[in-house]
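*Asks:* These are the residues of each chain, in order.
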Amino acid sequence: MTKPSDTSRRDFLKTFLVGAAALGASGTLAHAEEPAAKSRVVLARDGNVFGADGALDHGRTLNLLDRAMEAMYELSDPVAAWKKVIRPGERVSLKVNVLGGKGLRSNPMLVDAICERLQGAGVRARDIIVWDRDTDELERTGFRVSDDPNKVRILGTDRFGFEDEHSTHGSVASRLSKILTRECDVMINVPVLKDHEGAGVTVALKNMYGVIHNPNKMHPNNCNPYIADLNMLPEVRGKMRLTICDATTAGYEGGPGYKPQFAWKANSILVSRDPVALDYSAWQIIERKRAEKGLKSLEAEKRAPIHIVTAADAQHRLGTNDPNRINVVEVVAG
Amino acid sequence: MAGAGAACGLHILGQPAAAMPPPAPEDDSRYVTEARFYEKLENKRIKCKLCPRECAVGDLERGYCGVRENRGGTYYTLVHSRVCAAHVDPIEKKPLFHYLPGTMAFSLATAGCNVNCKFCQNWEISQSRPEQVRAEYAPPQRIAELAKQYMCPTIAYTYSEPVVFSEFLMDTADAAHQAGVRSVVVSNGYMQTESLKKAYGRMDAVKIDLKSFSEKYYRDVVCGELKPVLDALVTLRAMGKWTEIVYLVVPTLNDDESEFRGLARWVKTNLGPDVPVHFTQFHPEYLLKNLPITPVPTLERAKAIADAEGLHYVYIGNVPGHAAENTYCPKCRKMLVERIGMTARQVLIRGGKCPGCQQPIPGIWQT
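Residue numbers (this note's numbering), protein chains in the order written: chain A, 1 to 334; chain B, 1 to 367.
Take these hints with a grain of salt, some might be off.
DSBU-like, lysine-lysine: derived pairs with alpha carbons at most 30 Å apart [to be verified]: (1) A:178 <-> B:118; (2) B:241 <-> B:227; (3) A:102 <-> B:40; (4) A:302 <-> A:289; (5) A:293 <-> B:353; (6) A:102 <-> B:47; (7) B:44 <-> A:302; (8) B:40 <-> A:302; (9) B:216 <-> B:227; (10) B:241 <-> B:353; (11) B:49 <-> B:216; (12) A:302 <-> B:227; (13) B:241 <-> B:268; (14) A:293 <-> B:216; (15) A:302 <-> B:47; (16) B:49 <-> B:289; (17) B:148 <-> B:198; (18) A:265 <-> B:44; (19) B:289 <-> B:198; (20) B:49 <-> A:296; (21) B:44 <-> B:118; (22) A:239 <-> B:289; (23) A:296 <-> B:40; (24) B:216 <-> B:268; (25) A:239 <-> B:118.
It should be emphasised that the hints constitute simulated quantities derived from the structure, not laboratory data.
In isolation and in its complexed conformation, chain A is listed as follows (with noise of 0.2 Å):
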């Protein structure tokens, strides 16, 4: 396990506001430091992340992590920034995204990272869970599933069920699972940038779809409003803290299943406050993505990702889409 301080120091960061060339948008000027009401999505990328073998180097993804947290909270210690995140004592859960199936999920490789550093930062081992719908799902994507209650527990909800009354806001009435509910205080949103032939995409706010009993009926209609109207529960807005979204391999079609042809290795990934500008950041990564393939833009095909829209407006105000009021912070690691 690789301590914070045997991290290597050779990396280096660039800065740019939302829409540089990082994300193909229509770029403007650099600084430093963005104004206080502009949120921050870190992308941070390294071109060797995966090894020879095809799987992603345990040291570099580290690396990338850390160079991403620093980024984020303007440290240079990912230790430090890692406690802006999570108090003593709090119970942290780490939300992933194995639906697409062993080649487009939330990598277990970073998410061992991210437990690492959780501990690093103070958090014991048995206070965090690694979390989604199934146990079974998480075992066939490559996660060792453990319920030892001493160790990080990777576990689904099928473990713990739902609980009995509907939490509801709009149109969302649905039954939490009890591992939000009861097992932590604070969520780690850990989503895959991925193409979503309903929603557009789904990164941050979709990842949401598998804390519920009911995903299935919130899918008419693009699957709006009902993405803002889940993230705007109590159980889920008050204890997301974090999102940190596996674009190491991602999807620009054809998801959220794992189409091969479909996928591509970015080496990257994408971490902010505001699931909201990461869902814009990531969206505008996949249209440049499906341009660059020739693809038709979401938009000609009448699936541009609209939650994205509704979680920002005035009766949601989950984030901002507006990307004069995003900053970009892009940080090639490694």
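Following the hints, complete the assembly by docking chain B onto the known chain A.
*Replies:* Same frame as chain A, now just chain B:
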């Protein structure tokens, strides 16, 4: 949905529910069979053709019902033989009043529903995915055997929404008919015409929950559409299926006199005056706990309007002991079937006719 309070009475399938562990994951394969109503699309997507939603479902995703899943471009039902509720009920509970009164129906359900009524009384199973509720493996032949064992002349597909387990319903109806057992379905009727013909064509009687006579109510309260349900009713009548209608009267939401009148006129014009209509009392449930129980005078007003519009068999339901639970001859007004709650106490119909005036009484009266 009628048939309130479907607890998971799975003991009837042969094992006490309390002693029954959740099925092991590897057992799930027993319930998975290819769906019969869908089209394959590009990139491993599919379009479901079972109900009017026509869910376009990507690989690894499920349809709105939550019980059908796209696996690599092939669409599967996850609930074939996956029974999550089973009871022996009076046929009056469905309610079917012109179908073998006083007999029992072996009644069953799987998880899932293709709408999401805010008043659902069985939401624990209808609004759940199959893996979220306790279930028992009960293939069609076993269901037919159990119906006979419990001396039920009929199997009723009910409680949740049988549209979503159509394949299981079809196979069970076929097995049951071979064993001399009939089948009835209690459904929302929100189904495509072709699938309805194939699935409900196997039924001996059908009860449709016509939840309102307004598209707005269907959109806002049911999460569905009215027109396909009306189309389904017309199709069922054209097929010659014995059909009854239940209209759950929800205070302030679908209890306007003009709506009752519009409904009654539509039924008379499109289905005929002999189709029974049951106006039933709402009880606060699920997402409509803020509304009161339907006042009995509201139900009586609905019945009076439908009577005045010329419907011959208008009932009031969920009000045990009310005189409008009984069947009366539309010609001489003689009481022909006396009911209290779900019990038929007297059945006086003889040879399908009123014994007083010989007026034919439509329905299925002979076992």
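*Asks:* Decide, hint by hint, whether the structure agrees.
*Replies:* Here's how the hints hold up against the structure:
1. This hinted pair checks out: residue 178 of chain A and residue 118 of chain B have alpha carbons roughly 23 Å apart, not beyond 30 Å.
2. Pair hint residue 241 of chain B plus residue 227 of chain B holds up; C-alpha atoms about 19 Å apart against a cutoff of 30 Å.
3. Between residue 102 of chain A and residue 40 of chain B the CA atoms are separated by roughly 24 Å; this keeps the pair inside 30 Å, and the hint holds.
4. Only pairs whose Cα atoms come within 30 Å are accepted, and residue 302 of chain A paired with residue 289 of chain A is accepted, the gap being roughly 17 Å.
5. Of the supplied pair hints, the one linking residue 293 of chain A and residue 353 of chain B is violated, its CA atoms being roughly 73 Å apart against a limit of 30 Å.
6. Pair hint residue 102 of chain A plus residue 47 of chain B holds up; C-alpha atoms about 25 Å apart against a cutoff of 30 Å.
7. Simply put, residue 44 of chain B and residue 302 of chain A have alpha-carbon atoms about 19 Å apart, close enough for the 30 Å limit, and the pair holds.
8. Of the pairs offered as hints, the one joining residue 40 of chain B and residue 302 of chain A holds, with about 20 Å between alpha carbons and a cut-off of 30 Å not exceeded.
9. Simply put, residue 216 of chain B and residue 227 of chain B have alpha-carbon atoms about 11 Å apart, close enough for the 30 Å limit, and the pair holds.
10. With a C-alpha separation of about 19 Å, the suggested pair residue 241 of chain B and residue 353 of chain B falls inside the 30 Å cut-off, and the hint holds.
11. Pair hint residue 49 of chain B plus residue 216 of chain B holds up; C-alpha atoms about 24 Å apart against a cutoff of 30 Å.
12. The suggested pairing of residue 302 of chain A with residue 227 of chain B holds, with an alpha-carbon distance near 26 Å, which does not exceed 30 Å.
13. Between residue 241 of chain B and residue 268 of chain B the CA atoms are separated by roughly 16 Å; this keeps the pair inside 30 Å, and the hint holds.
14. A C-alpha spacing of about 43 Å is found between residue 293 of chain A and residue 216 of chain B, which places the hinted pair above 30 Å, so the restraint is violated.
15. A C-alpha spacing of about 17 Å is found between residue 302 of chain A and residue 47 of chain B, which places the hinted pair at or below 30 Å, so the restraint holds.
16. As the CA atoms of residue 49 of chain B and residue 289 of chain B are separated by approximately 34 Å, the hinted pair breaks the 30 Å bound.
17. In summary, the hint linking residue 148 of chain B to residue 198 of chain B is supported, as the alpha carbons are separated by about 25 Å, within the 30 Å threshold.
18. Of the supplied pair hints, the one linking residue 265 of chain A and residue 44 of chain B holds, its CA atoms being roughly 22 Å apart against a limit of 30 Å.
19. Simply put, residue 289 of chain B and residue 198 of chain B have alpha-carbon atoms about 37 Å apart, too far for the 30 Å limit, and the pair is violated.
20. Proposed proximity of residue 49 of chain B and residue 296 of chain A is supported: the alpha carbons are some 27 Å apart, at most 30 Å.
21. For the hint pairing residue 44 of chain B with residue 118 of chain B, the CA-to-CA distance comes to about 33 Å; that exceeds 30 Å, so the pair is violated.
22. Taking the CA atoms of residue 239 of chain A and residue 289 of chain B, the gap is about 28 Å. The hint holds against a cut of 30 Å.
23. For the proposed pair residue 296 of chain A and residue 40 of chain B, the alpha carbon gap of about 22 Å is at most 30 Å, so the pair holds.
24. The straight-line distance between the Cα atoms of residue 216 of chain B and residue 268 of chain B is roughly 22 Å, inside the 30 Å bound, and the hint therefore holds.
25. Simply put, residue 239 of chain A and residue 118 of chain B have alpha-carbon atoms about 28 Å apart, close enough for the 30 Å limit, and the pair holds.
In summary, the structure is inconsistent with hints 5, 14, 16, 19, 21 from the numbered list given earlier, while agreeing with the others.
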